[in-house]
Amino acid sequence: MFAYIMRRLGILLVILFGSSFILYNLAAISGDPLEGLRTSSEPSAKQQIVTLTRELNLNVPPPARYFLWLRGILGLFVGHIDFGNARNGQPVSGLVQHAIPVTIRLVTMATIVAIILGITVGIVTALRQYSRFDYAMTFVSFLMYSLPVFWVAVLLKQYLAIRFNTFLRNPTVPPGYIFAFSCMSGIFWAGVVSGSRKRVIQIFVIVAVATGALLEILSLLNWFTHPGLGPIFLFASAVGTAFGVTQVSVGIRNKPALKAALAMAVLALISYYPSQYLFKHSPHVSTLVLMALFTILLGAIVGRIFAKIDRGPVMRTSMITGFVISLLMVLDKFMQTWAPYMETDAINGRPVPTIGQANSLLDQSDFWMSTLDTLMHLILPTIALTLISFAGYVRFTRGTLLDVLNADYIRTARAKGLTERTVVMRHAFRNTLIPLTTIIVVDFAGIIGGAIITESVFGWVGMGTLFRQAISSFDLNLLMAVFFITASLSVVANLIADLLYSALDPRIRVGAGK
Amino acid sequence: MAIFKRKEVELATTDASENAIANKETEGLSQRQIVFRRFVGHRAAMISVFVLAFLTLFVYSALDFKLGPWKIHGWWKYRIEDIPELRTKDCPGGNIGCPTLSLRPKFLGGAGFGLGEHPFGQDDIGRDYFALVMKGAQRSIMVMFVVGIVGGVLGTVIGAISGFFRGTIDAVLMRFTDFIITIPSIIIGSVIGFHFGNLGATFLAFYLGLFSWTGLSRLVRGEFLKLRELEFVDAARVAGASNRRIIFKHILPNAVGVIIVSVTLLMSGAILLETALSYIGFGVVAPDVSLGLLISQYQDSFTSRPYLFWYPGFFIIAIALSVNFIGDGLRDAFDPRQRRRLSLRDRRVGQIQATKAKNKGGE
Numbered sequence: 001m002f003a004y005i006m007r008r009l010g011i012l013l014v015i016l017f018g019s020s021f022i023l024y025n026l027a028a029i030s031g032d033p034l035e036g037l038r039t040s041s042e043p044s045a046k047q048q049i050v051t052l053t054r055e056l057n058l059n060v061p062p063p064a065r066y067f068l069w070l071r072g073i074l075g076l077f078v079g080h081i082d083f084g085n086a087r088n089g090q091p092v093s094g095l096v097q098h099a100i101p102v103t104i105r106l107v108t109m110a111t112i113v114a115i116i117l118g119i120t121v122g123i124v125t126a127l128r129q130y131s132r133f134d135y136a137m138t139f140v141s142f143l144m145y146s147l148p149v150f151w152v153a154v155l156l157k158q159y160l161a162i163r164f165n166t167f168l169r170n171p172t173v174p175p176g177y178i179f180a181f182s183c184m185s186g187i188f189w190a191g192v193v194s195g196s197r198k199r200v201i202q203i204f205v206i207v208a209v210a211t212g213a214l215l216e217i218l219s220l221l222n223w224f225t226h227p228g229l230g231p232i233f234l235f236a237s238a239v240g241t242a243f244g245v246t247q248v249s250v251g252i253r254n255k256p257a258l259k260a261a262l263a264m265a266v267l268a269l270i271s272y273y274p275s276q277y278l279f280k281h282s283p284h285v286s287t288l289v290l291m292a293l294f295t296i297l298l299g300a301i302v303g304r305i306f307a308k309i310d311r312g313p314v315m316r317t318s319m320i321t322g323f324v325i326s327l328l329m330v331l332d333k334f335m336q337t338w339a340p341y342m343e344t345d346a347i348n349g350r351p352v353p354t355i356g357q358a359n360s361l362l363d364q365s366d367f368w369m370s371t372l373d374t375l376m377h378l379i380l381p382t383i384a385l386t387l388i389s390f391a392g393y394v395r396f397t398r399g400t401l402l403d404v405l406n407a408d409y410i411r412t413a414r415a416k417g418l419t420e421r422t423v424v425m426r427h428a429f430r431n432t433l434i435p436l437t438t439i440i441v442v443d444f445a446g447i448i449g450g451a452i453i454t455e456s457v458f459g460w461v462g463m464g465t466l467f468r469q470a471i472s473s474f475d476l477n478l479l480m481a482v483f484f485i486t487a488s489l490s491v492v493a494n495l496i497a498d499l500l501y502s503a504l505d506p507r508i509r510v511g512a513g514k
Numbered sequence: 515m516a517i518f519k520r521k522e523v524e525l526a527t528t529d530a531s532e533n534a535i536a537n538k539e540t541e542g543l544s545q546r547q548i549v550f551r552r553f554v555g556h557r558a559a560m561i562s563v564f565v566l567a568f569l570t571l572f573v574y575s576a577l578d579f580k581l582g583p584w585k586i587h588g589w590w591k592y593r594i595e596d597i598p599e600l601r602t603k604d605c606p607g608g609n610i611g612c613p614t615l616s617l618r619p620k621f622l623g624g625a626g627f628g629l630g631e632h633p634f635g636q637d638d639i640g641r642d643y644f645a646l647v648m649k650g651a652q653r654s655i656m657v658m659f660v661v662g663i664v665g666g667v668l669g670t671v672i673g674a675i676s677g678f679f680r681g682t683i684d685a686v687l688m689r690f691t692d693f694i695i696t697i698p699s700i701i702i703g704s705v706i707g708f709h710f711g712n713l714g715a716t717f718l719a720f721y722l723g724l725f726s727w728t729g730l731s732r733l734v735r736g737e738f739l740k741l742r743e744l745e746f747v748d749a750a751r752v753a754g755a756s757n758r759r760i761i762f763k764h765i766l767p768n769a770v771g772v773i774i775v776s777v778t779l780l781m782s783g784a785i786l787l788e789t790a791l792s793y794i795g796f797g798v799v800a801p802d803v804s805l806g807l808l809i810s811q812y813q814d815s816f817t818s819r820p821y822l823f824w825y826p827g828f829f830i831i832a833i834a835l836s837v838n839f840i841g842d843g844l845r846d847a848f849d850p851r852q853r854r855r856l857s858l859r860d861r862r863v864g865q866i867q868a869t870k871a872k873n874k875g876g877e
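Chains as they are written, first to last, in my numbering: chain A, 1 to 514; chain B, 515 to 877.
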């Protein structure tokens, strides 16, 4: 194994060397960085040409200059990487250091959302193969494949940001919208659940009425300007979570698991006020992380107490329930911050921003306020990026799950008399995750390249901005730094994907044989 | 949860008869005929073929078209160079150059169906937006085909050579492929586009094609590696066929499915790449026209003149979507494992035939 990884790392270095050499020369011969200065009539132009030529070694032919650049990069091995200087004399490393976290923040959220939604919808379409729902989702995912992200981004800005902000001035949902939303969610859930015609109509009516009633109540209660769950709704949604997680995880008939999950909901209700105190007096990321860990631990203990024979599944159920509930509590806290956030001068009642990565006018001292602000700025870019990668996950999950469902061991599992839920979730879905993991790892690296456009549309200052700046000013060092980081990420991601694949699937053995 | 429910009975009983019907359908047909039939049977793909063909004809015949010494006049009255007077009459909200396209019939209170003077409106200086969008769509379609052809040919040749000859050639070519594949397409596209974009869209498309063959060549190589070990290749070699003959007559026809499918995907990717590059200013540049460029120019006027933004986007989506569906149809048609889902009618016909055959056998 060690030898295999070493060999792969060697190949990886060769690939990085080759591709950077190609790009360096391609970029160097395709333009002249001094062109603007040569034709300039400024008196200092000549002097600038001389300085730039000396600083950027422009008198050295590109293939040789590449090795000068490479010398700085090879500093990686002695702990001091040197990307050279940008045209304006700033060291590229400094620029990149500021840009990377921004891009990572942009991409992480979108990737997580796309994975969760994509896998869920993919599973449902595979289980409902050739149904109307399947066809509709196929069409939707093809449509998303074909959407230009910059075009969607403008639409999102208009309809999700500007219109929504205007709506918040007077937050009552008009009857037409309530009707449309109700019908849409009714159709969606009827498609998901499927079954006999009578059942489909039942589901449609129930969901449509529930959605309509919910929207009406929310708009009557002024929930859109003063959202919040409060202890009662938090408890209600925690109970709902408990039932949902139990059903998907072990099935609702497993009484110990259900009891454990419900106990977690009760614990959430009890700890509501203590946690509010904690949120108020210790507003840090570390508090949240510790709280999540504590809830998971608590889940494990509760599961252990309630479990009779199947300790593992019950503990897992209550742990997942606990984690989801702690997310709900944090969400509740953000909802409470919403009203004061809306009233600040910086926001002035228009909370969904169309551009930028943070509101510079906002007082950043309050943890909840500034985090909420960051999240609000993430909303539109995340949706745009999610729309693009969502389609791929849906198609991939659907295809893989269908392949797996045709496998012999699924037939065996069914023959043993296992429930369909166990067969799908434990036998089929877990095996679908193996190829999916590798795709996800590779995608995460690839999406950073895709973020270039998104950053430009939403005015984020990350790697994409550096990249555009590099191209339009013929800044070779800057361009190569951006490339080097994205390319290294993608080759390393490929390696990780291969190793993960072999770790997850015992049939694949890397490095065995030739 | 009802989601896990399954129609066990139906699946079990129809499996055998479905096989029988599927076999019946392909009896006595060549591979090519089977693929063609399957493709024609894919409704979304067939609709897309017609949409794409119609769009291409519509878009290219709208404006003047020069083909060597011949010049074909377009049916649309304006050229992109024309600067007619800005329309101010009947425009809502004091806008100028609003669109005249009307789809609402007269009895519903509209102006009746008609294109009018400027169906998509006019841009800032009064140029006819319909003509501009047509030109942009021409660019996109051209880029799509050029990238498809250049990338397809290069990818097939490189993949075929390294898959067939293996050894050192394979190692060198595949390492080279790795080099190119590591560079994200948007980065390489921008470097090329920014510096060669002013040479014209055809050049840009050609260069983009030069760097977009990598994925395809890997697939083709894999296919060749698999096929060259099969018996029919051995048989051909024993019969004295040359390498060239084996490649072109024996292996390539079997790999054509993989090639065609991934070329269509390459093409739909190319149109999105070109428009994205033009959008960030590294692709087709003014005074030339591209759909991405039009969107980037008029995205800020979305609130006041949304039509300047909608129409270019619709054309991008229409083209990319139909190419994607064609690709999907082709994949289904070429995939031997793929069995078309039988309609209720097919099943009934199949059952009737099966019972008939049984009765005949019994007599």
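Careful, some of the hints might be misleading.
Covered, in the sense of this in silico footprint (three residues per stretch, anywhere, with C-beta under 8 Å from a C-beta of chain A), are these stretches of chain B [as the list claims (entries may be wrong)]: (1) 593–600; (2) 686–693; (3) 740–747; (4) 780–789; (5) 815–824; (6) 838–847.
Hints listed in this document are in silico derivations from the structure and should not be mistaken for laboratory results. Owing to the predicted nature of the structure, the values given are computational and were not obtained by experimental measurement. Quick reminder that beta carbons are idealized off the backbone N, C-alpha and C, glycines included.
Tell me the hint numbers this structure goes against, listed in increasing order. 1 and 3
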